[in-house]
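Asker: Sequence:
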Amino acid sequence: MSVVIFDVDGVFLSEERCFDVSALSVHELLFNPRYLNLTQEKFKTSYTDEEIAEIRSKIFLDDEVLSRYKEMGLNSNWDMLYITFSIVYINLLKDSGINISNVDINDLYGIGEMLGDVEPDYGKVLEFLDGDEYTKETIYEGLVNYATSLKFLNEEDDFRTNSTLWLLGQHVYQEWYLGSERMKGSTLPIEGDKEGFLHQEEWLAPVEDLEKMLQNLIDRNLTIGIATGRSREETLIPFEAAGLLEYFKDERISTASEVKEAEAVEGVERQLSKPHPYSYLWTLYAQDEKYFEEAVKGENISDEKVYVVGDSVADFFCADKMEVEFIGTLTGLTGDDIIPTFTDLGVSRENLVPDVLSVENMVK
1 MSVVIFDVDG VFLSEERCFD VSALSVHELL FNPRYLNLTQ EKFKTSYTDE EIAEIRSKIF
61 LDDEVLSRYK EMGLNSNWDM LYITFSIVYI NLLKDSGINI SNVDINDLYG IGEMLGDVEP
121 DYGKVLEFLD GDEYTKETIY EGLVNYATSL KFLNEEDDFR TNSTLWLLGQ HVYQEWYLGS
181 ERMKGSTLPI EGDKEGFLHQ EEWLAPVEDL EKMLQNLIDR NLTIGIATGR SREETLIPFE
241 AAGLLEYFKD ERISTASEVK EAEAVEGVER QLSKPHPYSY LWTLYAQDEK YFEEAVKGEN
301 ISDEKVYVVG DSVADFFCAD KMEVEFIGTL TGLTGDDIIP TFTDLGVSRE NLVPDVLSVE
361 NMVK
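In terms of the UniProt record's numbering, the sequence shown has 51 at position 51, counting the first letter as 1, and numbering is strictly consecutive.
No lab work stands behind these hints: they were computed from the structure. No residue lacks a Cβ here, since even glycine has one placed at the ideal position from N, Cα and C. Check the hints yourself; a few may be wrong.
[Claimed, not checked] For each label pair, taking beta carbons as the anchor points, the in silico distance ranges come out as:
#1 Asp337 to Glu289: 36 to 44 angstroms
#2 Gln40 to Thr164: 24 to 32 angstroms
#3 Val268 to Glu202: 32 to 40 angstroms
#4 Glu323 to Arg34: 43 to 51 angstroms
#5 Glu251 to Asn361: 24 to 32 angstroms
#6 Asp209 to Thr164: 43 to 51 angstroms
#7 Arg160 to Asp209: 36 to 44 angstroms
#8 Val268 to Ser96: 37 to 45 angstroms
#9 Ile100 to Gly243: 46 to 54 angstroms
#10 Glu289 to Asn361: 34 to 42 angstroms
#11 Ala242 to Gly116: 46 to 54 angstroms
#12 Glu251 to Glu191: 34 to 42 angstroms
[To be verified] Distance condition first, Cα-Cα at most 25 angstroms in a straight line; then the derived PhoX-like pairs of lysine-lysine:
#13 Lys42 to Lys94
#14 Lys364 to Lys321
#15 Lys290 to Lys249
#16 Lys42 to Lys124
#17 Lys58 to Lys44
#18 Lys290 to Lys260
#19 Lys42 to Lys58
Put together the whole structure using the sequences plus the hints.
Answerer: Pasting the structure below:
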């Protein structure tokens with residue numbers, strides 16, 4: 001029996017709204033009166049598509065920063081927005097000249113009161129990325145070193161993943177994406193009137209064609225599953241609304257929610273988000289607890305023929321670690337421009353397909 005495991009963003013769903021929300025989240029942390037409250041731009045809880053495009057272009061330098069993140073295997077929008085904000089924030093602190101030796105850098109409102117008339121320099125993010133050949137595994141260490149070199153780091157964990165500020169960025173992202181109504185149970189403050197982008201998803205192929213493909217795979221006795229960097233809620237809602245959720249067994253859907261649960265297990269001392277293959281392995285193992293240790297270690301002990309279908313370098317690294325076949329869809333951020341990157345990594349050109357519908361003819 002063969003197992004086909006799909007990524008979601010850049011495969012089934014367009015990544016564009018995720019990147020928009022990442023930009024809006026950075027923008028909010030900078031300009032919301034609740035946070036740094038910089039004065040150069042006005043914060044709102046609703047923007048036109050044109051305004052969103054302008055914000056994203058400014059923050060991510062016409063997507064150059066996003067492309068660099070993707071090339072290094074950084075797959076999480078939560079990480080992308082946090083690293084971007086952190087670099088901008090560190091340089092705001094530097095430019096302001098304030099003494100923060102006894103200040104909690106997690107208190108954005110308090111820091112904002114002291115910053116004065118300083119402007120965010122988004123170009124510093126690209127300068128940081130140019131400073132080393134970062135990978136997903138090394139970029140947080142690089143961020144900590146960057147902060148320390150500027151003598152702003154008071155606590156060792158201030159600029160690490162899952163730090164107080166990282167969790168705040170994640171929270172802001174979730175409210176933008178899910179909408180305020182779905183965040184009412186949060187312990188962190190919400191704005192209350194964000195509509196959310198969850199119901200503005202763009203499928204990368206006609207839904208009826210996706211249904212036909214999935215049913216054909218099942219009819220051929222192939223097992224299908226999902227491994228995504230989205231949270232479980234962000235994954236299930238659009239698939240259910242489109243009528244596609246019924247094709248996937250629940251235990252064959254692994255999301256960022258399951259990854260975070262695994263990282264919280266006592267004894268687990270590593271990040272398990274892509275390019276670590278945990279989510280793919282957890283789907284492959286049908287979330288069977290007896291294989292948890294193997295999934296955490298990134299070990300594929302299955303005898304099944306496995307296909308990983310993704311759009312990013314991070315997905316390729318997962319497949320490579322698992323020693324399984326990778327099929328790349330050219331519907332991600334950079335489209336066909338990613339072909340040389342994949343072929344340089346050893347992916348056959350025949351395994352790079354124009355869209356997810358082509359996968360049906362690739363798997364056996």
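Asker: All hints, please: hold or fail.
Answerer: How the hints compare with the structure:
1. Asp337 to Glu289: 36 to 44 angstroms: holds, 41 angstroms
2. Gln40 to Thr164: 24 to 32 angstroms: Between Gln40 and Thr164, where Cβ atoms are some 25 angstroms apart, the hint holds.
3. Val268 to Glu202: 32 to 40 angstroms: Given a distance of about 35 angstroms, which is inside 32 to 40 angstroms, the answer is holds.
4. Glu323 to Arg34: 43 to 51 angstroms: 48 angstroms Cβ-Cβ, so the 43 to 51 angstroms window holds.
5. Glu251 to Asn361: 24 to 32 angstroms: holds, 27 angstroms
6. Asp209 to Thr164: 43 to 51 angstroms: At 44 angstroms between Cβs, range holds.
7. Arg160 to Asp209: 36 to 44 angstroms: Since Arg160 and Asp209 have Cβ atoms about 43 angstroms apart, the given range 36 to 44 angstroms holds.
8. Val268 to Ser96: 37 to 45 angstroms: holds, 38 angstroms
9. Ile100 to Gly243: 46 to 54 angstroms: holds, 52 angstroms
10. Glu289 to Asn361: 34 to 42 angstroms: For Asn361 against Glu289, whose Cβ atoms are near 36 angstroms apart, the range 34 to 42 angstroms holds.
11. Ala242 to Gly116: 46 to 54 angstroms: Since Ala242 and Gly116 have Cβ atoms about 49 angstroms apart, the given range 46 to 54 angstroms holds.
12. Glu251 to Glu191: 34 to 42 angstroms: holds, 36 angstroms
13. Lys42 to Lys94: Given that 25 angstroms is the threshold and the Cα spacing comes to 23 angstroms, the pair holds.
14. Lys364 to Lys321: Given pair Lys364, Lys321 holds - Cα atoms ~21 angstroms apart, limit 25 angstroms.
15. Lys290 to Lys249: OK: Lys290 and Lys249 at ~19 angstroms, within 25 angstroms.
16. Lys42 to Lys124: The hint holds at about 22 angstroms.
17. Lys58 to Lys44: Between Lys58 and Lys44 the Cα gap is close to 17 angstroms, so the pair holds against 25 angstroms.
18. Lys290 to Lys260: holds, 18 angstroms
19. Lys42 to Lys58: holds, 15 angstroms
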